[in-house]
Amino acid sequence: MSRTAIDYHKVLMTGLAWGIGLMIFFPILWTIMTSFKTEADAIASPPLFLGFDWTLENYSEVQERSNYFRHFWNSVVVSFGSTFLGLLIAIPAAWAMAFVPAKRTKDVLMWMLSTKMLPPVGVLIPIYLLFRDTGLLDTLTGLVLVLTLINLPIIIWMLYTYFKEIPGEILEAARMDGATLWAEIAHVLTPMAVPGIASTLLLNVILAWNEAFWTLNLTAAKAAPLTAFIASYSSPEGLFYAKLSAASTMAIAPILIMGWFSQKQLVRGLTFGAVK
Amino acid sequence: MATDHSRVAARFMISPAVLLLLGWMIVPLSMTLYFSFLDYNLLSPGMEQWIGLMNYEFFLTDPAFFEALFNTFLLVFGVLLITIVGGVGLALLLDQPMWGQGIVRILVIAPFFVMPTVSALVWKNMFMNPVNGLFAHAAKTLGLAPFDFFAQAPLFSIIIIVAWQWLPFATLILLTALQSLDQEQLEAAKMDGAPKLSRFFYIVLPHLSRAITVVILIQTIFLLSIFAEILVTTNGGPGYASTNITYLVYAQSLLQFDVGGGSAGGIVAVVLANIAAIFLMRMIGKNLEA
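Chains G and S are the protein sequences, given in the same order.
Heads up, the first sequence stops at 279 in our numbering, and the numbers go up one at a time, no gaps.
Heads up, the second sequence stops at 291 in our numbering, and the numbers go up one at a time, no gaps.
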């Protein structure tokens with residue numbers, strides 16, 4: 004094939020891919036742009052693409068009216084809290100299953116996975132009533148507990164597939180050289196496990212940040228994270244497109260950036276290692 | 002290699018996770034099962050009484066149940082159809098040589114990271130609104146009458162929104178699978194004069210079949226439980242036109258305070274999800290052995 008023919012193909016594919024890519028991304032781009040418009044410009048007809056007066060007032064107004072940063076902070080606490088708690092429980096379990104496999108290890112793993120398939124409505128009522136009776140409704144503690152439990156199987160599975168890749172011979176070699184169990188964990192295992200743990204953490208923060216069944220059902224004004232706060236825009240008063248956009252932009256920006264860093268882990272984590 | 006000592010330690014390290022998940026599964030689920038046999042309304046506390054299978058009888062013969070069941074099926078099937086077909090197409094496209102591939106990839110996967118309430122509200126208001134939405138503007142420019150998405154096709158509109166959220170997931174997984182395709186095999190087929198279409202159907206598609214199955218099964222698990230998108234856009238309406246099983250159970254229990262009826266619905270949802278889950282477990286179980 005001649006050089007020019009190859010380049011022609013490449014130009015065509017580049018154009019097509021960028022066109023489709025921008026189309027898929029457009030709703031996000033449009034939201035970000037609208038967040039810098041005045042409410043009047045946001046519903047202007049025909050729609051304004053770039054020729055509008057850029058303003059930051061929506062951001063300050065969203066914060067003033069509804070104490071946005073409290074909800075933002077709730078999201079941070081809930082997603083990182085549930086992820087750290089989950090890792091604390093999952094790391095020893097995954098370590099043990101990867102390095103000291105027993106006959107039933109595989110069954111235990113499959114069973115853990117099966118708990119993830121329990122539809123949340125199946126346990127909504129008891130959890131709601133238990134939370135009501137123990138005063139956990141609309142608290143960050145309650146939310147952290149529930150999200151830890153629903154994401155625990157994914158955390159364990161991801162860690163397990165990462166730990167599995169650490170060669171056991173290295174550990175044995177360290178043991179032969181007289182390393183104590185503690186030294187083995189601190190100097191041999193941990194450095195090799197850190198990348199896997201970091202990926203697991205990243206993916207789980209994203210999943211917890213965007214979780215929208217339990218956060219909507221178990222919180223009201225006080226402990227509402229961003230998912231629930233944004234939902235309050237479903238019954239708006241007056242013009243609200245620009246304010247909805249500003250609140251949305253702030254809610255998705257941090258996780259969008261984290262998400263782009265975790266593309267690979269996403270595939271692995273969400274397919275439970277079935278596709279790598 | 003494992004000594005008795007390390008076995009004991011291992012069991013000790015696994016047990017917190019096992020006990021927590023066991024508790025999470027058994028305690029609430031058996032409570033739901035118990036409630037489903039009671040006449041139990043939150044508005045009349047202390048009046049609970051055993052009514053056997055009556056809740057199931059009411060729930061399963063309610064026309065709303067069949068509508069919700071059908072909607073659940075349509076929602077899952079519609080989203081799967083769009084994301085699989087679109088995902089295979091996009092994965093093939095992104096696998097081609099091009100400039101700025103990394104950036105295009107980032108653009109394509111972005112919707113997956115948008116929280117459900119945000120994507121639902123942005124689509125509902127800024128795109129599908131019959132007066133101020135971009136689609137309405139586009140229709141007016143073309144001289145057409147704006148389409149009132151949520152009034153005339155509520156379920157279809159929700160399918161579009163959810164498909165937009167899940168298309169990146171399908172694309173990413175299929176692309177990962179595509180990149181592990183043996184290029185030599187494709188080259189050989191090309192040398193032998195196999196046309197593009199038969200190369201796709203006889204080499205590429207069979208190679209992707211496993212990844213496609215994984216996408217179908219995992220998405221099904223999540224799509225059966227779609228909730229937030231319905232809550233913030235239509236509240237299940239008009240009538241029950243966009244109510245799925247998950248939303249129906251929510252409405253029955255937390256809006257009508259009918260704990261008994263809602264619990265029966267919850268158990269039905271668990272049974273349905275289990276049917277889907279059994280297939281997924283088999284798939285992944287096979288992979289674990291490999």
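Please note that a few of the clues may not be correct.
To be verified - Calculated lysine-lysine pairs in the DSSO-like style (CA-CA distance at most 30 Å, straight line):
(1) G:Lys109 / S:Lys197
(2) G:Lys119 / G:Lys167
(3) G:Lys267 / G:Lys167
(4) G:Lys13 / S:Lys141
(5) G:Lys109 / G:Lys119
(6) G:Lys119 / G:Lys13
Quick caveat, the hints were computed from the structure, so don't treat them as lab data.
These numbers come from a predicted model, not from an experiment.
Legend entry - Violations among the numbered hints: 1, 4 and 6
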